[in-house]
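Trainee: All chains, please: the whole structure from these sequences, using the hints.
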Amino acid sequence: MPNWTIYHNPRCTKSRQALELLRDKGIEPKVVEYLKAVPTEREMEMLLMKLGIKAEDLVRRGEATYKLKFKNLKLNEHEWVKVMREHPELIERPIVVRDHKAVIGRPPENIEELF
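Using our numbering, read the sequence shown as starting at 123 and increasing by one per residue.
Derived by calculation from the structure, the hints in this document are not laboratory data.
In this text the structure is predicted, and so the values were computed from the model without any measurement.
Nothing false has been slipped in among the hints.
Straight-line Cα separation of at most 25 angstroms, PhoX-like style, residue types lysine-lysine; simulated pairs:
#1 Lys176 / Lys136
#2 Lys189 / Lys158
#3 Lys136 / Lys147
#4 Lys204 / Lys172
#5 Lys158 / Lys136
#6 Lys172 / Lys147
Mentor: Have a look at this one:
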């Protein structure tokens with residue numbers, strides 16, 4: 123049986139829609155409220171590997187924190203991971219993981235790739 127995890131922000135509409143989509147399909151994922159339980163560096167690196175993207179591509183550029191502190195900076199992978207750990211509100215959401223593959227559930231239809 124596949125292992126499902128959702129990195130979830132319950133205040134986010136898209137995140138709630140993604141969780142509902144999974145539950146409608148009979149899947150009860152492990153729910154990680156990443157703003158409360160910030161992923162470790164290793165977990166962030168594993169997520170990026172499963173997503174197949176660079177750390178910078180997981181950053182929410184519309185957030186005030188990004189605009190004020192990081193907008194014009196050129197950071198490497200490790201630095202972006204550190205930034206997202208220190209400011210988890212910058213992590214794009216939701217992230218849905220099925221075993222060794224992950225997608226950003228924005229829009230929620232992206233999750234269909236995991237079925």
